[in-house]
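Visitor: Line order of the protein sequences matches chains Z and L.
The opening position of the first sequence corresponds to residue 1 in the numbering used here, with each subsequent residue numbered one higher.
The opening position of the second sequence corresponds to residue 1 in the numbering used here, with each subsequent residue numbered one higher.
One should not assume that every hint holds.
[To be verified] To be clear about the criterion: a stretch of chain Z counts as covered by chain L if any three or more of its residues have a C-beta under 8 Å from a C-beta of chain L, and this derived list gives those stretches:
1) 75-85
2) 130-144
[Said to hold, decoys possible] On the chain Z side, residues computed to face chain L include the following (Cβ under 8 Å):
3) Arg49
4) Gly61
5) Phe67
6) Ala125
The hints are simulated quantities; they were obtained by calculation from the structure and are not laboratory data.
Glycine is no exception: its CB is placed at the ideal position from the N, C-alpha and C atoms.
There are 2 protein chains.
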Amino acid sequence: MKKSVVFPVMAVLVLFFVLSIGTYPAFTLDLLAMHEGHEMMMHGGSEARFDDSGALMKPEGYRQWVFVGGPVTPNDMNEGKAAFPEFHDVYMDPGSFAEYKKTGKFRDGTVLVKELVNVGSKKAASGNGYFPGDFAGIAAAVKDSKRFAKEPGNWAYFSFSAGKDKAEAFPTSACNACHQAKAAEDWVFTQYYPVLRAAKPK
Amino acid sequence: MKKSVVFPVMAVLVLFFVLSIGTYPAFTLDLLAMHEGHEMMMHGGSEARFDDSGALMKPEGYRQWVFVGGPVTPNDMNEGKAAFPEFHDVYMDPGSFAEYKKTGKFRDGTVLVKELVNVGSKKAASGNGYFPGDFAGIAAAVKDSKRFAKEPGNWAYFSFSAGKDKAEAFPTSACNACHQAKAAEDWVFTQYYPVLRAAKPK
C-alpha cells in the first residue's frame, strides 16, 4: 500500500474515531438519561417530599398515579353524620406499585393519596346510585421506617384541606390506630382495593 | 511511517469502525426503541387494537391508565334490577388524556375502559357505604373517525365478559344512543368524571 493511499484512509478512520468518541457517548447518554428519567419516575425513590420541619408537602400529579379503589360512604347512609361523607379515590405512587407487583409488599417510601370527591348526584341515565361530583380535598399516608420509626407499621397520615400545601402528621391515635385494627394488610385497606389484590403476586 | 506500524494501527481502527457499525446503531436503536415505546405509550397513537374482522382486542394495562371517575349504581338502589349493578371505574389512555389536557377534546383514537367492580361490602370501619369487591369484566368505548365513520360522534362500544379476549361493536342503539342523549361532552359522561373536568383547559 502506498503512503499516498494509507494517509487519507487513516485520516478518515481517525476522524471517525474521534467523532465517535465525541458523539456516541453524548447521544447515547442523552438517551440513557431520558430512559433513566422514566425508570426513576416509575421504579425508584419516594414521591413523598417533606419540608425542614417534617411537614409533608402536598403530593402532586397523583391523578396519574395508579388508582387502586374508590369506596363511597355517603351521609345519607350514615344518619347524616358520615365520618367521611365522600368518595375516597385512592391512588398509589407508580414506583411503589411496581414494587408491590413484584413483592406484594408496601415498600419504604410508599405514598397513598386519598382524594375526596363529593357525591354529585344520585340519579343518572344508568340508574340510581352515587355519582362523583367535585373534589373536596386530599389525604395521604406515607410509610417511612426512618422518619416514622415510632409509628406502628411506620405509617403516618396527613390531611390537606383546600388551599393547604403542607401538613403535619396526625397523632397515632387519629388514623393509625384504626388502620392497624381494621386494614387487611400492612395498615392498608386492601380489602377495598381490588387493583392491589389483583396485582399482588400469588 | 513503516508498513509494520501502519498495518496494525489500521487494523485496530478498521476493527473499531466495523464494530461501531455493528454495535453503535444496534445499541442506540435499542435505546431509541425503548424511548419511543414510552413516547408512543404516552403521547402518540391509539391504544385500540383490532383484529382483521374489526373486533376490538381486549385492552391491556388499563389499570395504569388515567382513572377519571367511578360511580356506583347498586342493585339495592334500583329495586334489584340495576342495568349496571357495579362500580364503574373508568380509565382513559394516557396519550389521549395528555391531549385532552391540552385541547379539551377527545382525540381520534381515544380509548375509555370501564372496569366493572362488584359491590364487596356495605359496612366498614369508616361507616356504611359501598365498598369495591371483585372485578366483574370490562367495557370499552373507542372514538375513531375512519373506522366508526357512521357511528354518531364516531364512538363505538364494546363489552368483554370474563374470558373474552375480543369483542364486536354494539349496534348504535345499544349504547351510543344513550351516550348521545345524556352524556355531557362528546358522548362521554364527563359530568361524573371530575378528573376530566379538572383537566380540561379553561
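Visitor: Please go over all the hints and tell whether each is borne out by the structure.
Guide: Verification of the hints:
1. 75-85: It holds, with 5 qualifying residues against the three required.
2. 130-144: Contact hint for the segment 130-144 of chain Z vs chain L: holds, 6 residues under 8 Å.
3. Arg49: Z/Arg49 check fails; min Cβ-Cβ to chain L is 22 Å, beyond 8 Å.
4. Gly61: With a closest approach of 11 Å, the Z/Gly61 hint is violated.
5. Phe67: holds, 3 Å
6. Ala125: Interface hint status for Z/Ala125: holds (4 Å vs cutoff 8 Å).
Violated hints, in rising order: 3, 4; the structure is consistent with all others.
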